[in-house]
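These protein sequence lines are chains A, B and C, in that order. Take 1 as the starting number for the first sequence in the working numbering and just add one per residue. Take 1 as the starting number for the second sequence in the working numbering and just add one per residue. Take 1 as the starting number for the third sequence in the working numbering and just add one per residue.
Keep in mind that the hints were calculated from the coordinates and are not lab data. Misleading hints may appear alongside valid ones.
Treat identical chains as interchangeable: a pair holds within one or across any two.
Stated by the list, open to error - Computed list of lysine to any residue pairs in SDA-like fashion (alpha-carbon distance at most 25 Å, straight line):
id, residue 1, residue 2
1, Lys219, Arg267
2, Lys115, Leu13
3, Lys115, Ala23
4, Lys288, Pro210
5, Lys219, Val192
6, Lys219, Ser283
7, Lys219, His301
8, Lys115, Arg150
9, Lys219, His14
10, Lys115, Ile127
11, Lys115, Gln132
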Amino acid sequence: MPVLLAPDQAPTLHELLRDANTAGLDYQIVQAEGPAPRIRGLGSLLRAGPDEISFLSNPRLAGQLDSCSAASVVLAPGVCESLPGRPWPFWVVQCGQPYLMYALLAQWFDQHRIKGLEVGVHSSAIIADSAQLGAGVSVGPYCVIEAGARIGAGSRLGPGCFVGANSAIGGDCLLHAHVTLYHGVSVGDRAVLHSGAVLGADGFGFAPDPRQSTGAWTKIAQLGGVSIGSDVEVGANTTIDRGALEDTQIGNGVKLDNQIMVAHNVRIGDHTAMAACVGVAGSTVIGKRCTIGGASMISGHLVLGDDVHVSGGTAITANLGVPGRYTGVYPFSEHTQWQRNAAVVAQLAQLRRRLRALERLEN
Amino acid sequence: MPVLLAPDQAPTLHELLRDANTAGLDYQIVQAEGPAPRIRGLGSLLRAGPDEISFLSNPRLAGQLDSCSAASVVLAPGVCESLPGRPWPFWVVQCGQPYLMYALLAQWFDQHRIKGLEVGVHSSAIIADSAQLGAGVSVGPYCVIEAGARIGAGSRLGPGCFVGANSAIGGDCLLHAHVTLYHGVSVGDRAVLHSGAVLGADGFGFAPDPRQSTGAWTKIAQLGGVSIGSDVEVGANTTIDRGALEDTQIGNGVKLDNQIMVAHNVRIGDHTAMAACVGVAGSTVIGKRCTIGGASMISGHLVLGDDVHVSGGTAITANLGVPGRYTGVYPFSEHTQWQRNAAVVAQLAQLRRRLRALERLEN
Amino acid sequence: MPVLLAPDQAPTLHELLRDANTAGLDYQIVQAEGPAPRIRGLGSLLRAGPDEISFLSNPRLAGQLDSCSAASVVLAPGVCESLPGRPWPFWVVQCGQPYLMYALLAQWFDQHRIKGLEVGVHSSAIIADSAQLGAGVSVGPYCVIEAGARIGAGSRLGPGCFVGANSAIGGDCLLHAHVTLYHGVSVGDRAVLHSGAVLGADGFGFAPDPRQSTGAWTKIAQLGGVSIGSDVEVGANTTIDRGALEDTQIGNGVKLDNQIMVAHNVRIGDHTAMAACVGVAGSTVIGKRCTIGGASMISGHLVLGDDVHVSGGTAITANLGVPGRYTGVYPFSEHTQWQRNAAVVAQLAQLRRRLRALERLEN
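Using the sequences provided together with the hints, build the complete structure.
Quick look at the structure:
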């Protein structure tokens with residue numbers, strides 16, 4: 001299901017690069033035969049058609065250039081020169097950061113789609129009188145925005161979003177359908193929040209009631225909020241709980257994939273990225289520029305410094321002050337082989353004792 | 001809270017089997033005393049009442065037949081003959097596939113419930129003019145269906161579903177309340193999509209911006225879609241992300257439990273089943289007829305062949321070309337015992353060295 | 001984003017304690033200089049301002065009392081006497097259970113917020129004629145309540161909730177926005193259900209169809225329901241599936257954090273608490289007063305007795321009859337060190353054999 005612009009809406013290659021290159025990257029267009037192409041879409045080297053642009057960022061895929069039928073390909077200059085086969089049948093765009101240029105091109109095509117969406121507040125949206133909407137805000141059908149909430153200029157809310165009392169969303173944010181913000185949640189500018197994300201649900205706090213022998217729990221109402229910086233993305237069905245007394249805090253530029261759980265009082269530093277299904281337990285502090293692999297879990301009340309990288313599936317159960325990569329996933333094997341080895345895991349301390357005994361005999 | 005039909009709506013045993021047996025299974029009814037019973041519901045051997053039918057598929061539960069008060073029980077012929085106690089007080093249905101017959105009977109009772117639901121498009125549903133609805137489509141309250149979307153004949157959408165622009169749902173699908181389809185998502189016939197499922201959210205793609213020393217990420221807009229075959233079930237709060245450039249693909253007959261995460265560009269082969277809480281990272285290809293146990297994680301950019309079976313809790317971090325069962329979960333133990341053994345895990349390489357040293361002394 | 005009452009709505013310290021102490025705890029107020037303060041909010045020792053109350057429950061934080069600027073602090077009597085620095089600049093509340101008193105104070109402030117919410121049934125809510133609403137029930141915008149459903153007195157439903165046919169919610173419950181109850185789900189009194197929670201989706205049940213060589217699955221319709229006791233909390237995006245034939249059962253006082261998956265036919269005993277991201281597979285029975293750490297998984301068809309405590313990240317794959325703490329998480333380490341040790345894990349059975357061989361040589 002490729003997204004192709006109608007031919008009369010497609011820019012020329014030169015127009016596309018000029019408009020998409022919002023980062024000001026250096027690039028050079030190497031002309032192929034014929035007139036400058038109009039570019040209707042963006043595809044991979046193997047799939048892009050003759051109206052599309054493609055890119056090569058991984059040099060190991062250079063062999064795919066031979067069968068590429070794209071109108072144009074973005075390439076690093078060095079890769080370009082080392083390859084045979086020229087003149088290419090496509091227009092080459094030489095660029096030192098082809099992957100970043102790809103990201104910009106993809107954004108351009110996606111923006112084109114978003115610009116086509118209806119703007120305005122749908123008549124079925126229920127917006128409290130005291131809520132404030134900036135200029136050019138779009139609110140989809142069946143959204144509910146409670147008293148005192150604020151939505152910054154240019155932000156768009158998909159159908160069925162809920163923004164609780166006194167919550168604030170910055171400018172140019174995109175909330176897809178069915179996003180839930182409880183009361184007292186603040187989000188900075190240019191956030192992208194995906195469907196099913198829940199921001200500001202109660203942290204998990206209960207006090208045992210020592211007078212009861214039944215084991216009953218007394219709820220600790222969660223009075224803090226959630227405070228999220230700018231340029232943050234929150235994936236589908238990810239949950240970020242509100243703090244017990246102060247705010248759970250997510251820094252600028254943080255990227256959270258789907259189905260992540262951020263517990264109450266957690267603080268995550270700028271530009272940290274987490275893959276899907278990660279859980280971060282309560283009150284843990286994670287530094288800047290960390291990457292957390294998918295399905296990892298970080299225990300509560302820990303401090304992870306800046307530039308810590310956790311491999312997927314790893315359980316972090318202690319503070320990490322030193323930058324580096326940390327791993328703890330158990331290697332899998334064919335089942336019967338695993339059974340033999342797994343049984344020994346529960347005897348390791350005994351094995352070490354037996355080894356020591358042998359060593360003593362030798363000395 | 002058993003589901004019992006009103007007595008005047010209940011079929012006779014013969015009618016029930018004739019109607020429910022859509023698979024054409026062979027079966028034989030062995031008469032008990034009295035008139036042929038009317039069957040108002042379906043229950044387990046221990047709980048089914050005198051108006052209900054039950055089944056025995058696990059031979060180890062045969063002892064429960066003695067105290068069974070069901071009107072009728074489905075049994076395999078062999079089991080039936082090997083047991084004492086006859087004549088049974090219930091009507092026996094001899095069938096070579098009692099578990100499959102149970103599935104068909106359960107479907108019959110569930111269909112009876114679904115047939116009782118209202119049909120039609122609720123007046124509060126917001127449906128774009130260019131959207132196409134097939135014959136007999138039901139759309140619940142507060143659904144939103146965007147431009148260019150298509151819903152096939154006989155499909156039902158529960159309350160609050162969202163179907164994005166140009167998405168397509170086949171015939172006879174069932175979307176429970178609060179299902180979210182982004183734009184450009186296609187689903188085949190007879191799908192069952194559970195509440196909170198999100199299909200088509202952005203894949204997790206970001207390019208580092210090498211010009212920035214801050215560690216900032218640039219979003220890679222996700223231009224692909226999601227393409228899902230027929231006879232697929234997607235569990236509650238499961239997420240399937242859209243592809244970066246092409247579609248994320250789910251084959252025919254795939255069954256996904258709740259809270260599963262399928263990342264962008266993944267491809268899953270026909271009839272593969274995944275238990276709850278599984279994560280599949282980006283661009284991984286999984287073959288046909290695989291089973292993936294609960295809470296497993298599959299790393300990105302891998303290829304798993306057909307008929308691969310992954311045990312629950314296992315992290316798959318390498319290609320699997322050979323059919324078979326693979327496991328990697330760490331065995332648990334009582335906490336203090338675990339502490340002793342876990343400490344040794346971090347010394348295993350050293351232990352092996354010490355063992356080698358001893359072996360050299362002996363030789 | 002602290003929650004502070006307006007000065008004219010703030011109670012005096014004496015009024016606050018009298019009203020908040022619904023548990024009848026013993027406490028004693030030790031007067032400081034000046035008039036009895038009015039209390040506008042509740043904060044931590046380091047952040048509470050001069051209009052707020054704070055508490056000390058962890059004796060290791062006693063040093064923070066020196067710089068505390070709260071109007072009043074709740075303290076255990078013993079801690080109070082062992083500390084220098086008196087007279088304190090704040091009013092001391094001596095109480096034997098300072099953490100429980102904190103929970104009660106937090107509830108009081110949260111109740112104050114909830115009391116400020118609008119009461120009543122929003123005109124956009126769609127409620128079936130045969131549904132029954134108790135006195136003082138609030139139903140938010142765009143809720144849908146189907147035929148035969150019952151909502152007990154004093155319960156509140158946030159925007160966009162769905163209550164399926166014949167489901168029942170007890171009295172004084174709080175459903176936040178976007179909670180989904182399928183048909184045939186019952187919930188006791190005083191439940192708190194968070195956004196995105198899905199109760200009653202189909203359990204994951206499929207029968208292989210032995211007549212088909214394709215590997216196709218036949219759905220086993222799930223005819224049971226979900227039965228939840230009183231005083232239960234269900235976290236955001238948590239899913240509890242309906243039973244195959246009987247009800248999935250959650251006892252009284254059970255507390256479930258976010259993104260937990262409870263599969264069909266599971267039974268969980270009273271006052272058991274589970275941290276986020278836990279998965280419990282089908283038909284497992286868990287006892288009373290258990291605690292299950294975050295991201296743990298419990299296999300299917302197991303029985304865990306009362307007072308079992310599972311550490312975070314642990315896979316429980318066998319019955320647990322004895323109370324105690326069980327752990328199985330693989331210890332992480334720096335990546336290259338992990339690589340060395342992980343390789344040996346797959347050789348453990350061989351290592352043990354080699355050790356045995358050496359031991360035989362010595363004897």
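Status of each hint after checking the structure:
| no. | hint | result |
| --- | --- | --- |
| 1 | Lys219 with Arg267 | both (23 Å within a copy, 22 Å between copies) |
| 2 | Lys115 with Leu13 | within (20 Å within a copy, 55 Å between copies) |
| 3 | Lys115 with Ala23 | within (20 Å within a copy, 50 Å between copies) |
| 4 | Lys288 with Pro210 | between (40 Å within a copy, 16 Å between copies) |
| 5 | Lys219 with Val192 | between (32 Å within a copy, 10 Å between copies) |
| 6 | Lys219 with Ser283 | within (18 Å within a copy, 29 Å between copies) |
| 7 | Lys219 with His301 | within (20 Å within a copy, 31 Å between copies) |
| 8 | Lys115 with Arg150 | both (23 Å within a copy, 22 Å between copies) |
| 9 | Lys219 with His14 | between (61 Å within a copy, 22 Å between copies) |
| 10 | Lys115 with Ile127 | both (24 Å within a copy, 20 Å between copies) |
| 11 | Lys115 with Gln132 | both (23 Å within a copy, 23 Å between copies) |
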